[in-house]
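Engineer: Numbering (the numbering used here), first residue to last: 1 to 73.
Simulated from the structure, these hints should not be mistaken for lab results. Each hint should be verified, as a subset may be incorrect.
[Stated by the list, open to error] Here are the in silico distance ranges between beta carbons for each label pair:
| id | residue 1 | residue 2 | range |
| --- | --- | --- | --- |
| 1 | D50 | E29 | 16 to 24 Å |
| 2 | T37 | R71 | 14 to 22 Å |
| 3 | R55 | E26 | 32 to 40 Å |
| 4 | E45 | R25 | 36 to 44 Å |
Given the structure is predicted, the values throughout are model-derived calculations rather than measurements. Beta carbons are placed, not taken as given, at the ideal position from N, Cα and C, and that holds for glycine.
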Amino acid sequence: MMNLQDRSEASPIVETGVIRLDLTREEREILVDVLDTFLSDLRMEIANTDRQDFRDILKKRKAVLLKVLERMA
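From just these sequences and the hints, can you work out the full model?
Structural biologist: Right under this line is the structure:
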């Protein structure tokens with residue numbers, strides 16, 4: 001089994017920072033559901049985090065995941 005590091009060395013797609021992922025309809029629906037659930041949890045974590053630097057990291061993750069969901073729509 002090839003690990004992610006091995007794949008990145010063998011794949012020019014990963015080196016450019018862009019990954020194409022082909023999903024079935026069922027896989028897409030499950031991934032959207034998982035991301036929605038994670039985003040909900042992330043919002044709670046952001047609200048409950050006292051450290052501003054960590055809150056900023058979480059907000060950036062949230063923004064990235066929202067963009068991913070937008071592109072999947």
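Engineer: Look at each hint and say if it fits the structure.
Structural biologist: Hint check results:
| no. | hint | result |
| --- | --- | --- |
| 1 | D50 / E29: 16 to 24 Å | violated (36 Å) |
| 2 | T37 / R71: 14 to 22 Å | holds (18 Å) |
| 3 | R55 / E26: 32 to 40 Å | holds (35 Å) |
| 4 | E45 / R25: 36 to 44 Å | violated (30 Å) |
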